[in-house]
Structure formats: C-alpha cells, structure tokens
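Asks: Based on the provided sequences and hints, a complete structural model is requested.
2 protein chains.
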Amino acid sequence: MTSRRKRLSVNEYVDGVLAGNTVVLSRTITLIESNLAGDQALAEQVLIRILPYTGNSKRIGITGVPGVGKSTFIEAMGLHLAEMDKKLAVLAVDPSSQRSGGSILGDKTRMEQLSHHRNAYIRPSATGASLGGVANKTRETMLLCEAAGYKIIFIETVGVGQSEVAVKGMVDFFLLLMLAGAGDELQGIKKGIMEMADAIAITKADTDNITASKKARAEYQNALHLFPPSETDWSPKVLTCSAVTRQGLDDIWKMIEEYFSHMGSGLDQLRKHQNINWMHETIGFLLKNNFYHKPEVAERIPEMEKQVGLGEITPQAAARELIRL
Amino acid sequence: MTSRRKRLSVNEYVDGVLAGNTVVLSRTITLIESNLAGDQALAEQVLIRILPYTGNSKRIGITGVPGVGKSTFIEAMGLHLAEMDKKLAVLAVDPSSQRSGGSILGDKTRMEQLSHHRNAYIRPSATGASLGGVANKTRETMLLCEAAGYKIIFIETVGVGQSEVAVKGMVDFFLLLMLAGAGDELQGIKKGIMEMADAIAITKADTDNITASKKARAEYQNALHLFPPSETDWSPKVLTCSAVTRQGLDDIWKMIEEYFSHMGSGLDQLRKHQNINWMHETIGFLLKNNFYHKPEVAERIPEMEKQVGLGEITPQAAARELIRL
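Those protein sequences? They're chains A and B, same order as listed. All residue numbers for the first sequence refer to this note's numbering, where the first residue is 556 and numbers rise by one. All residue numbers for the second sequence refer to this note's numbering, where the first residue is 556 and numbers rise by one.
Be careful, since some hints might not be right.
In silico lysine-lysine, BS3-like type, Cα no more than 25 Å apart, as pairs [what the hints assert, rightly or not]:
(1) Lys-843/B <-> Lys-843/A
(2) Lys-843/B <-> Lys-849/A
(3) Lys-746/B <-> Lys-746/A
Just so you know, the hints here were simulated from the structure itself, not pulled from any lab data.
Replies: In structure tokens, the structure reads:
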C-alpha cells in the first residue's frame, strides 16, 4: 500500500508529535528508523524542531536476563504509573532480537493491559545491523516521546551484551532486575552490569519466594556497599517486588523519585556529559560503519581475523594493514 | 648524541631480543614507541619476525588506586618470583601520567631492589597522546619481552580510568589490589573494575591491620559470590598479603598458577579472542585518531561540544555533521 509509505511534511510531523498524537508519533519514529537518505534528511529536520521540547522526562533503563520477568515487571510498574495518571513510554534496545526476527517488545500480548492504557505508549525495538545504529534510533525515539508529552521513559535491554553500556549512556537511572537464589540465575548477566546499576529490584518476591527474596535483598545490599560509589554520590538501593501482588512497586517508584530529588541540578550536568559522550561515540560508530562496509575491507576481514587468531600477525599490524586499504 | 639515535638492522634487533639482551630489548621498545614513520615500518618488520617466539608467558594485569601500595606489592611479589629464578618483566599502561610529565614506573627508586635483580626487567609506561596509542605500544612491548624470554609479565595500571579495560584485553589474569576498611579507599576506583577482577588481594595485611584485612577478605569473598561468573568459569578469589612481612605472596602466586591450570587450553581460546578484539579496537582507534586530527574537524569540535551540551543539536546530528566534513 503506497499510503503507508507516504511521508508527511516537516510541519505535520512536528505538530502531530507536539500534540501528543500517537499515530503521528509512530509514523515519525518509523521515519527516524528508515535508512533511506531522503527519510534521514527529513527526520533530521523534524528532530531539530522538536528538540526544544525534549528533556522533560525521567529516563529509566531497565535490564535483566531473560526469565527474570522483565516484561511482567514493566507491565505491572507501567500500569501502576499509568493509573496515577503519569504518561509513560516503553522503548527497547535489543540488537540481538533482529537476528531471531523478533523484538523483545514486539510481542505486545506480553504487555497487553499496558499497551491498551491511554497513558502508555509502547514501541518495539528498532531493527538494524549494529548496536550503534539501533541505540541511536532508540535515543532519538526517546526524544520524540518526550516532545509528545511522555514524562517517564522506560528503556528495556536484555542484560547480556553491550546494549547496557549504550542504555546507561542515554538514561538518568539504571535499574537491574534480579531473581532471588544465588548462582544459576546470574548465568548470562555480563560482568560490569551490576556495578552500573543505580538500584536492583528482586522480582517475583511472592508466595513461597518471599523469604529467599528478603535474604537476597540483604546480601546484595551488603555487597553493593563494598563496591565503588558512583560519581553522583548515590548509594545503589536493593528492593523486592512482585508483579503479581504488586507489593514493592510503589516503594521502587518512590526510590526512583528520591534519586531524582537527590540529583537536583546534577541531572543537567549528567545529561550534558552524556550528550557530549554520545556525540563522540556516534562519530566512532559512523567511522567504523563506513569503514567496514567498504567492499575491499569487508572482503579482507575474515582472512585477517584468521591470521590474527592464529598469531601469524599482530592485531596492530592487521589493523594498520586494513586501514591502509 | 647521534649514537643514541642510531638504528640497528632488523636482524640486529631480532637477534638481540631473542638472545635476551636487555640493552637491545630496550632499544627495540624505544623503536616501537617512536612515532616516526621510518621507525614504525622498521618496528613492524621486527615484530613480525619475533612473533613466533611470543606467547610463552603468564600475562598478569595489576591495578589499584594510588595509595593501595601497588609499587610496593609489585616489588615484593617480583622479588619473590625473581628469587625463584623466574624471569619477570614489569610494564605499565598509564596515559594520565604523561600529562604530569612522569610515569608510574618512571621513578625506579620505588622498585630499587627489583630493578637491580638480574631476572627482572622494568620498563616505564610509554608516552603518547591517547590511551589507544599507549596501550598498543604496551601490548607490543609485552610481545618483545616474551620473545626475550620473560615468563611472567606484570602490566600495571592506576585503577581510575579506561586503562583497565585495555589491560583486561591483553592479559590472562587480572588482579585488583584493595585496602581493608570499607568506604574511603574505594573513592577513585571506577565502576566495573571489581567485576573484571580474577582475584582481589588485600594489601598491607600486617601489624595492627591484620584483623581488618581478614574481615575485608571475608566480605569481598561473599560479595564476589553474588556477582556474575566469568566466561572462563573461574571463581574470583580474595587473599590478603603484606609486602613488609611477605605473608601471603606465595599464596597469591599459587592461586595464579591454579588459575592457569584451570584454564588449560582455554587460554589459547581466550588469547585468540583477545587478539581479534584487539584488531577491531585498533581499527576504531586509528579511524578516530585520523579523524580527530584533521584540522577542519579539530577546529569544529569545541563548538559542536558546546551546542550538544546546551541541547541545541542532537549528538547524532552533530556527529553526522562532523563526519560530513
């Protein structure tokens, strides 16, 4: 259908987004996610226009390994907030999902109640070949949602890769979901992610899991005290919750609000710092992207990786040789 | 003096390094650290020749904040090993030190005994404008030391920046030095470094600090159990030691040897993986380095950072604009 491909004017996109029109918002996000040069130029014009209306939200990253109950948590917490009349957008960074053809948020039935709530807007993960590209699109989508009036943005990742570093670089607060019971459930979480968290929520703290969850909470709280303090002087908190009984959800939200009070004007500083870092990261990403897509480079990479892996050439020499191409 | 600047032939460098001649080794490292194009071409020829003789060492990263007693620990542990007739080289990655004009290992008086031991070779941190460049030179220096017959390589960093990520990418084992007494001494350690460590050594466990050190050891050991396991299935250990009484040094070394037994042939896999990653990191570094040194880019960066910081332009748009230059 050609009508689906038809583009609006810059004014129509901007006015629709600023009016909080979710149909236009979705079309603008689709425009941003497009890889066509014409669309990208149009998207850039839209973004520059909506930029003055962005920033007025709490940006919250949420991560945890599959099985921890991320979607269930986001639905329960999202409903809790939506019912308090807070406008909430849920986005995702999940580059791995494209390979399997689906997105963590693509299956909306997992968040059926939330997706039908008038205060909630859910958008599946952008697709793309690389994390840098996907993360950039999620970040721009976040700005559009802010301009559309969403005061809380949840950005979900899967806790098993580099996505968390990208998400940490675009959010104000980073929440890690964990399950009680030491050991197995940690398999899959990448090193370094726990130290990044501003808070840990122990999920599924209900029925016969309550005692174990309380114990886990105390253990993690003790452990976090041993770890380096963050630059924002915020001590990471550990809380328990249940999506079924809704126990703990309100405490978690109050803790997040406490964080924003704690940050005060430091939040502007944090975001300024993030923006500048993001620019440099994007430069690196674009340079690498252009480089690896050159046919003469793409052709040589497998052979170079093999030689480097076998120790026939140093990684540095291989890199220099590829650059000389 | 022109004689100091005179270069040897490729054969002379290679033969000298392989013979374990420390004078030639030092001159070869100086060649590698040189930024002159002619020297770099020569260095590349030397490296390719010595490459078959590399890899036969235990590569150990050592980090900790200033004040933790890093130099003292390295001297005591180094002497312990040198006296067991093990050949040991001590290198450093410390890009920050160039700004203050000195290197963490520059002041050899801090390792006076070790630097005079015939089994030890100490080389100050390379100088350079960027971490990527310094780390590349340290990595190549490590290869030269291996070819010269050093069976243990210590690579020291300061624990406060990105250097640890670079060092983690070139060593087999990563040791974090900590002091007993929770809280203050953690100021300065960057988030994520503790989760990277294969072991923590609590230093200065002597005189009236013994009880506190034992307590800290138990606490950290408990905490590490809660954290994600590494891909190598090695559970990080926590030990105590004293450079003064030499208590614990032998246990730490035995633990490190246990790690290498545990790794078995997995070590080759780890290094292969590291080499390929290092190639891609170096590509990224070279691309960025070339880019940021272009005058038209260098000139625009401050203005762009300002605009991005003020939120007048998105980081993505700023990056794209700079790339278009």
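Asks: Taking the numbered hints from earlier one at a time, note which ones the structure violates and give those numbers from smallest to largest.
Replies: none
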